[in-house]
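Trainee: Taken in order, these protein sequences are the chains called X and F. Heads up: the first sequence begins at 1 in my numbering, then just goes up one per residue. Heads up: the second sequence begins at 1001 in my numbering, then just goes up one per residue.
Hints may be right or wrong, so weigh each one.
Unchecked claim - Here are the simulated EDC-like pairs of lysine to aspartate or glutamate, each with C-alpha atoms no more than 20 Å apart in a straight line:
1) F:Lys-1176 to F:Glu-1164
2) F:Lys-1176 to F:Asp-1106
3) F:Lys-1103 to X:Glu-225
4) F:Lys-1176 to F:Asp-1162
5) F:Lys-1103 to X:Glu-122
6) X:Lys-92 to X:Glu-225
Hints in this document: simulated from the structure, not taken from any laboratory.
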Amino acid sequence: MIDFTMVAQIFWTGTATSSYYVLFTIAFALVLKVVGLWNFAQAGFMGIAFYAMFFAFNVLHIPVWAGLAFGFAFTIFFTGLVEVLCLRTLRKRRSSSLTFFIFTLILSEFIAYLLMLFFGTEPVTLFPSILSPVRIVADIAVSDWDLVALSSTGALSLALWVFLRFHREGQFLTAVADNGPLAELYGISAKRAYLVAMTIASVFVCAGMYLFGTRAGVIPTTPLELMLFAVIATLLGGIGRIFSAALAAIVIGLVQSFSILVIASAWQNLVLYGFLFFTILVFPRGFRLPGLRRVRGADLAPKPTAESA
Amino acid sequence: MQYVYSLLVLIGIYVTLSASFNLIIGNGGLISIAHPIFFALGAYTAALLGIHFNVPVLVSIVAGMLVALGSSFALSLPSLRISGDYLLIISIGFQLGFLQVIKNIDFTGGAGGLGNIPSVLSGETRDIVFASGSLLMALGVVLLIRWIVRSPYGRAITAMRDDELAFVTLGRNAMKIKLVIFALGSGFAGLAGGVYAYYFLYLSPDQFEILQSATILTMVVVGGMGSTLGPVVGGVLLLALPQAITFLQLPPNVMGPLQGVIYTLLVLIFLFVRPQGLISAARRQT
């Protein structure tokens, strides 16, 4: 028997759960837009972020803020290292897209195996208890976790939008995404833009893994499945449209949550793979609402000044 | 002695897998990681036909190959219709999705695995037959791929991989070639799967996870992508390497990840130090 309260509860919980999917999707879509890289290494970065925080909280026993800072710093450092030492080398060699694909995917797997060696294959959460205090609002159970997840995801997304829209460095990212060689002619460093994009992505990845790790158990191969979600949402949202991809992540998350009404939970993941086929078959260029014009990156790119010209 | 025979069977199977994967990724330039799922399809089809319908072994193995070959279209048709890049993404979903199905239905034994596969022959004869059969299969597949690659059709494959736009402009059908390469490679993986099922008599979904993708990719990259002999060398080398680790007698929960670390680290090292692999494709062609 399905009633309104049940539907509303699934909607609320589904929206809250999709928060970390949104963060992973934004990270993936941003790197794809700016760097032009299908960054499958993101799964590895997600693993590093989670286990760095796990180590901080459960081995070092440091306060939450310090553990978070440790996780963010470690992930950003590692991501930067990969960008500077590996991806730049491959770009310098003009490596094929096949090489980039192999590198990013295998790096992810390498990290997963290393994490298995150090932390085992048993599911672990960031804190011993993942129970969160719950209050009832209009017959709907609202947990503290839901509020933290939604507010932090909203704040981070808004901050990114403001950064890309109004900050000079953010506008550089858009310029490089639109036309790298032309942007470089105007004095914008593509290398720097790539590094900034990867750094921002690692912040989103780390925040997402914190939310996920305080809600569910993680094994070293979990990030790969989580990343697949981000890939599907990026495709559905349309390559190059970061916030449309984030919206797509919420839609897919909600569909997955509502699927519990019609299919057994063991088959719930299949909804995701169904979405993948559906997206590639029906919306290979992403879903667009008719009449909506995308703000072109060129409009956001900094206008050439007398000095740069 | 049985240990040596098992190793020979595995060498035959993995050389078949790496050579067929090389046809797809090295010769065809098609990026997919779902090769293990076609290996699984062949293995499960052959095993289920043997268990439930008492189909003769050779017929079951051929049926497994055909199922893998046919299923490849479900993956390649929707993705290649749009762009080659989509093949990679859809292949990840295809592999994980199919494994999810295998794990959740009783017919395939579920997550616990599929046993009771009828054993053909017994004793040392069984080992000798399977070892020689497996090596012959590998030899046949490698020679067939070599013949394809060196034929006019193979030159068309290379031309398509190197410059698809020019290839299409000349009036050739790139899509058709991609579908054929992908189907052939997947069919060979299915064939190897059938042999695997009837030799080891037990199948588990875990054997066809992403680790397998990494293993096969490592064999191709380390051996030399695009060269016929490369995956053979890569396959033999990377099967021999873990045998050295087994002598360390590490617990299984360390062995598995350690093998994974070695495989993936090798790929990363080769990507930067010797991207052409042990056997360069260009050198072979001269």
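Trainee: Is F:Lys-1103 within 20 Å of X:Glu-122, Cα to Cα?
Mentor: Judged against 20 Å, a Cα distance of about 19 Å means the pair holds.
Trainee: So if I understand the rule, the pair passes when the alpha-carbon distance is 20 Å or less; does F:Lys-1103 with X:Glu-225 pass?
Mentor: With Cα atoms ~16 Å apart, F:Lys-1103 and X:Glu-225 stay inside 20 Å; holds.
Trainee: Under the criterion that the straight-line Cα-Cα distance not exceed 20 Å, is the pair F:Lys-1176, F:Glu-1164 satisfied?
Mentor: Holds, because 12 Å separates the two Cα atoms, which is no more than 20 Å.
Trainee: For F:Lys-1176 and F:Asp-1106, compute the direct alpha-carbon distance and say whether it is at most 20 Å.
Mentor: Cα-Cα ~37 Å, so violated.
Trainee: Can you confirm whether the C-alpha distance between X:Lys-92 and X:Glu-225 stays at or below 20 Å?
Mentor: Violated, at about 31 Å.
Trainee: Compare the distance between the alpha carbons of F:Lys-1176 and F:Asp-1162 with 20 Å, and conclude whether the hinted pair is satisfied.
Mentor: Holds, because 16 Å separates the two Cα atoms, which is no more than 20 Å.
Hint violations for this structure: numbers 2, 6, all remaining hints satisfied.
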